[in-house]
Amino acid sequence: MSLVATSGGDALVLARTHERAAEAAREAEAAPPAAEAALVGGAPVPVLQLEGISLSFGGITALDGIDLAVANGEIRAIIGPNGAGKSSLLNVVSGLYRPDRGMVRLGSERFAHVPTSRLAALGVARTFQNLALFKGLPVLDNVITGFVHRRRAGFVRQILSTPQARREEAESRAASEDVIAFLHLDAVKHQLAGGLPYGVQKRVELARALVARPQLLLLDEPLAGVTLGEKQELAAHISNTRDAYGTTIVLIEHDIGVVMGLSDRIAVLDYGRKIADGTPDEVRSDQAVIDAYLGVAHEGETELVV
Amino acid sequence: DEQFFPLQSYRVGPYAAGGTGFFGGFIDYLNLINIRDGGVNGVKLTWEEGETQYEVERGVEVYERLKSHTGVAAWNPLSVGIAYAMIDRITKDKVPLITVNHGRTDSTDGRVFPYVFPLLLNPYSETSGIVNYVASREGGADKLKGKKIVVLYHGSPYGKETIPIYKLLADKYGFSLEQIEVPHPGNEQQSQWLSIRRAKPDYVVLRGWGVMNPVALKTAQKVGFPVDHIIGNVWSNSEEDVIPAGDAAKGYVAITTQASGAEYPVLQEVIKTVYGAGKGNLEDKKRIGSVYHNLGIVNGILNVEAIRIAQQKFGKRTLTGDEVRWGFEHLQLDPARVEALGAKGLFHSINVTWDNHEGDGRVTFQQWEGTKWKVVSDWIAPDWAFLRPIIEKSAAAYAAEHNIKIRTSDDPPVSQ
Amino acid sequence: MSDLLVLEGLAATYNHAIRALSDVSLTVRRGEIVALLGANGAGKSTTLKAVSNLLHAERGQLTRGRIVFDGRDATSLPSAKLVRLGLVPVLEGRHCFRALNVEENLVAGGIGGGLSRREIAAGLERVYTLFPRLKERRRSASGLTSGGEQQMSAIGRALMARPRLLVLDEPSMGLAPLVVETIFSTLKGLNREEGLSILVAEQNSTVALRYADRAAVLDAGSTVLAGDAADLRGRAEIKALYLGSPGESAAHLAALRRPSPADHAAA
Amino acid sequence: MFDYQFFIEVLVGGLLSGVMYSLVAIGFVLIYKTSGVLNFAQGAMLLFAALTFVSLVERGVPFWLALSATLVIMVVLGITVERTVLRPLVNQSPMTLFMATLGLSYIIEGAAQLLWGTQVHGLDLGIDDVPFEVGGVLISQFDLFAAAIAGTLVTTFALFFRYTRTGLAFRAVADDQFAALAVGLRLPRVWAAVWTAAGIVALVAGLLWGARLGVQFSLSLVVLKALPVLVLGGFDSVAGAIVGGLLIGAIEKLAEVYVGPLFGGGIVAWAAYVVALGFLLVRPSGLFGQKLVERV
Amino acid sequence: MTTAAHPVAGRRLTANHLGIAVLLTAAYGVIPFAGSDYLLDAVLTPFLALALAALGLNLLTGYAGQVSLGSAAFLAVGAYAAYNFNLRVHELPFLVSLVAAGRVAAAVGVGFGLPSLRLRGFYLAVSTLAAQFFVQWALTKFGWFSNDSPSGVIDAPPLAVAGITFSGAVGRYLFSLTVVVISTLLAIRLLRSQVGRNFIALRDNETAAKVIGVPLLRTKLLAFGVSSFIVGIAGVLWAFAYLRTVEPAGFNLDRSFGILFIIIIGGLASIRGAVLGAAFMVVFPLLLSRLGAALLGDIFNSGVLEMSQRIVIGALIIGLLIAEPRGLIALVDRLAEPILRRFSRPLSRSTQS
Ligand SMILES: Nc1ncnc2c1ncn2[C@@H]1O[C@H](COP(=O)(O)OP(=O)(O)OP(=O)(O)O)[C@@H](O)[C@H]1O
Ligand SMILES: Nc1ncnc2c1ncn2[C@@H]1O[C@H](COP(=O)(O)OP(=O)(O)OP(=O)(O)O)[C@@H](O)[C@H]1O
Ligand SMILES: [Mg+2]
Ligand SMILES: [Mg+2]
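Taken in order, these protein sequences are the chains called A, B, C, D and E. Going by the numbering used here, the first sequence opens with residue 1, and the numbers climb by one from there. Going by the numbering used here, the second sequence opens with residue 1001, and the numbers climb by one from there. Going by the numbering used here, the third sequence opens with residue 2001, and the numbers climb by one from there. Going by the numbering used here, the fourth sequence opens with residue 3001, and the numbers climb by one from there. Going by the numbering used here, the fifth sequence opens with residue 4001, and the numbers climb by one from there.
Rather than coming from a laboratory, the hints here were simulated on the basis of the structure. Remember, it's a predicted structure, so these values are computed and weren't measured experimentally. For glycine and all other residues, C-beta sits at the position ideal for the given N, C-alpha and C. Check each hint, because a few of them may be wrong.
[Unchecked claim] Straight-line C-alpha distance at most 27 Å; calculated BS3-like pairs for lysine-lysine: (1) K1044(B) with K4141(E); (2) K2135(C) with K3291(D); (3) K189(A) with K3291(D); (4) K1250(B) with K1374(B).
[Stated by the list, open to error] Computed far set for chain D versus chain B, every beta-carbon distance over 12 Å: (5) T3096; (6) D3143; (7) I3149.
Model the full assembly from the supplied sequences, consistent with the hints where possible.
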């Protein structure tokens, strides 16, 4: 199964890549029912909902009464100046930070403090702004580990290699090989993750998050430090993932070209407050956003247009 | 012909001071016999050292390495741990193991431990010797009633070994007893000595080891306990134990099986013959006649005499380990013989038999005068009769546990 | 214009085994901004580490080549000396002093540059004007600040040492567009007004080429192209090969990743 | 009836011996603060310093001359260590450095014994260790002297780290050696300075402990007393070393006297660790230690 | 310590397999017949016991990243537990007491591993010293553990499995070898399984591991448990196959450091490294002292030689760390790489493409 959008080499606008990839996906195989429902069924069900989240660190307000709903199957970007609280928001959702106030709703459950150890079981996966790979493991093992919460066999069974343990191992290996192929990591799959160039490590991290087919995928600057060409490719992968698996994606990214091309809706944070929320076009022309974040020099120029 | 002594010496590490003294003395005496007498009846004495740092596994390594040397006479590790690890091995290899002044108490019972010789003193007789000395200071055993003794012991199996014996003796003589542990290594004893101060004992017995001893003396001074009422056991009786304590040690009394000092003829001969020929083993000549050095000398005398006695039976040649064992089992040196060996006053006498491997060594007590030890008591006899049944019981238990047939006097002394 | 930094045929390995550079040559003239471009793993960061003599700290070694800074052979000058001579790096991965607060980080930069107390105070003001965000966070432990704030601290810290040649490794990474523009235009300003020279490795070639005077392109550890930034901006093969199209970059990457016997020749 | 007099006596005794622990702990803290590594060779350095001093004195060198000579030797040692061990191992993992200090301790111990022999030496600093009574509690002049020295050391170092630029540089080096190199901090100087300082602390601690225990191999074991102090106070806090020392000293003594009998005594060996552990569970980086700075 | 190799690459595996086969053949087929008693009893048996202990510690420290300075305590627990099982439960087959001893050690290990849930780095390392001192104290304090032997020293029962008694140097060697080989195989299986990945994940990035769903608590305690289990079994070998008598003092801090030393010198997170490190630790000092005695024995006494040796070993450790901080095994691999490459070039092409 290859869902890679191969484009000419001309200047391309990401929206187009997105379209084409989606097309390709539909052609390749029918989208899984969940995605279908989300896309076809109209009224989106929120997969993630933040209700009045506030968080401060000894006088520094990182988040201030954030409300945010993320619908099933959408790509939701969060942008904002440095230190606006974007990563903190993801940390709250993944339970690494405990908000001072507010609730997080994941699927059907509501939490004052999301239990990190149950996060994967709740169908949430994430990547980190600064790489958080297992440097001492080969790429393949890094990705297999992303499957860990599905495992049931205890360590004795694993040592003795009982049928159950074998089945699980085979299953997670197969899933990992799939994702690795999907993200063009075959060539490096036996290398230790720690020795790879930065851009490749970013991709491995994405693979590790994807392998478990999460319902909700949280990406914190997945494209930072990646070569321009690969940026296009990865962006395509991200949207393909949504299209193919119906994964809901929350994306933090500073590359405006990518964000505008990729996301369905964009929330803009500044000093911990949400200053705008809407479609890419709405956000792009919002004066507050331009002042705080985009700047003026950009008329239409994104990094991807060389 | 030659008779070989494998030496598991320790000249490095925390216990190096004792090791260099003891093995230095031992080697000095062997040298004396070689130089002065040309060996024992013409049989040269040889040796090889293997450094153990007082560690059991290194001791075992040295054992395995040197055991196949020809003419091994006896092993003399001066380490309880190494000695224990060797018991099975030397019994199988039929070579005697000499643990002068230390080692396993129940190995006194030659019926169960045919190859092990805790010569002169074992922990139990030491205990009894100390109590007898206290009695003599108080003016008789009956005066012990109502007195209070604190035993300050090193927190190790060695330190704890005498706990039950002190209890028995306390019951027997009616003194009250408190035993306080100092954890290894013992470089801090504030709380123990505060407890002692509160207990107000008449005597404190120091059953120490290494750095614990000077610290005990220093701390005693700090809490104002009179130092001449502290009595050291046989591993707390050397210069190394008192020198670091400086003035705090002046007046401290400790048990010994061999007096210190270089005035004995045998030591004079060592100085003249061995050190005169530049073959002395001690780097620092001031240590000649020190407690450990003299223990080494005495140990040398005992080993050499055992060989000499065995040679009388088996011939003047290289003996097997088993034959040397026979020599040890007949090692009887009365005061006259000790005097003839130039060791009158150095140690008293020994009387080893096939079933008593300790040999009824006598003990004496020395007091530290700031620069040297001075003997302050007669040669005291421990209460062997009282101890023997206890030892036999323990040995019998060991025999049962290890399926050892208890030897009787009818058993052939040696397989020839 | 005279040459400030000259790299001649650098080759470098990590752990005596992994070859990272095989032939890198480039020149930075006084008062010039030079951009260093190339795919992931091309060796940009390694080159920059070699320039500031930091390879050894990551068990890397320069096996061939020469580095001349300001007319003197800098191949084996200790990094502290280089900083004092005015060659100051901002490294990949930010490397803030995590337990020190933001201001202490900046001060440490000044100390490294051998500046006086007064100069440090003045430097702080300068950096805070450039990055107002840092002023707000000056008492926060660097390790706890946001990614972008750390990046600003790292750049600010280097500026504290009053560099003559600033060596930047992906300064735009993780920074908001507005900040990227501010940084680059500020640097350009310093470049114009104070003659600050800059060697900058960037993935964000759009911005880099817009501000740079010249650029060099690295591929698999060798410089394969060098020239006027404006020129390069227009050239199609740059886009195609080094700034990449997906299929090609994947293939390229695969080729790069497969250890070849040459990788080990250096050992 | 609770014996308050005795309680206070034990408490005071504990506090005073705690000061002696602090003295050893400071040496550790200095090095941890600048290289993030537990210097296993601290004990060996202590032994080496004390042994050198005593041996010189025993060879007839006057007190002050011997002290100066030993100081010079410790400085040389510090510089040598920087040159031969730390510089080539720059930016390595703490584990690697830890092992290197273990190697170092072998070398120093071996050299000390080879040079000066394995004999036991007495050491008299001329300060009385005979107690006098204050309100029924025994206090020795020596303890007070040791406390004064420890106090001075701690104050000096604490002020140094807090208020000088060099102190800031030291902390930066400990934090990230790679970054420290990059910003141009002179690591060789920093390390040489710190190891020299640690050598001097080792000398001071070695002399004071040596006067207690005698100068002999076991002197190097006193570092075990310092470890729980470090854990409790925080590896990188000079103030923690002193507070931790006092606490450990007092708790250890009180535990031995009041809890020990329940277990049959001799619990000092581990009681300190258990107490330190208890504290750690509440504060994982010790009382005053730098908190782990980490976020995603 | 993060970039240790994981045995996966195809080429290396085959080369490894070959090497292992040769080693095992030699160990079982040649050495028992060719080796002297000294070699077997005083070199190989302690080497095996230490290698096993190092393997155990490596699981915990090398793979799972939790530094422990208390290994000797778990050696002691293993030894004393086996002794007591053997003594108190009648007719208990020795193998059963061996495994039971491992389990006791594991339980104690889990107990002392609890602080790892909060502590890291040297703080954790120092807190494991609590285990070191506590266990030594308890074994000394409570006579029950040593069957009230007045000296606290225990004597090893004979090694008998299924009616066969492994006596004599060869028997003890073969017994140890077999225990080590089986334990190592099991350990390798564990490391290749998800549990092994979890260990490394824990070590390399705890937060990421937690987010992904690695059960941190369970994994940490498991690491402590499995590690102590293996170390405990090594303790049984040390006590029963090698020394044949033990006292608590033998399990002191130096021993713990020795084991840590093995894995760091050998190479963290490498099983081959543990073996190599143990060989280095056991054999090198012996060689050095033999050499010293042979060359300089006439001039200096054993003490001087020993101290010089210490200096040499210390210098060697530092030199080795400078040459290759990832340990002997990395050094060996690096040096062997060109040779292996020459031999296996065709192979490497086929497995990699
Ligand atoms: N654990 C923490 N302790 C203290 N302050 C924190 C912590 N986490 C975040 N902050 C502060 O909260 C603010 C928001 O940080 P956050 O990382 O969420 O920003 P961000 O929007 O992701 O920025 P960037 O784009 O630079 O990554 C920052 O000013 C940061 O310093
Ligand atoms: N510390 C290291 N140890 C081993 N290999 C390394 C190390 N750092 C880099 N490498 C390798 O050296 C080569 C060059 O890497 P370098 O980091 O210089 O590339 P780069 O151009 O900066 O890439 P990126 O754009 O991803 O940052 C790569 O193959 C990389 O895997
Ligand atoms: Mg962020
Ligand atoms: Mg880079």
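Hints versus structure:
In summary, the hint linking K1044(B) to K4141(E) is not supported, as the alpha carbons are separated by about 47 Å, beyond the 27 Å threshold. Taking the CA atoms of K2135(C) and K3291(D), the gap is about 23 Å. The hint holds against a cut of 27 Å. Between K189(A) and K3291(D) the alpha-carbon distance is near 37 Å, which puts this suggested pair outside the 27 Å criterion. Distance check on the hinted pair: K1250(B) and K1374(B) sit about 11 Å apart at the alpha-carbon level, within 27 Å; holds.
Interface exclusion of T3096(D) from chain B stands, the closest Cβ pair being 26 Å apart, more than 12 Å. Not every CB of chain B is more than 12 Å from the CB of D3143(D) (nearest about 9 Å), against its label as outside the interface. The beta carbon of I3149(D) sits about 18 Å from the closest Cβ of chain B, which is more than 12 Å, so the claim that it is off the interface holds.
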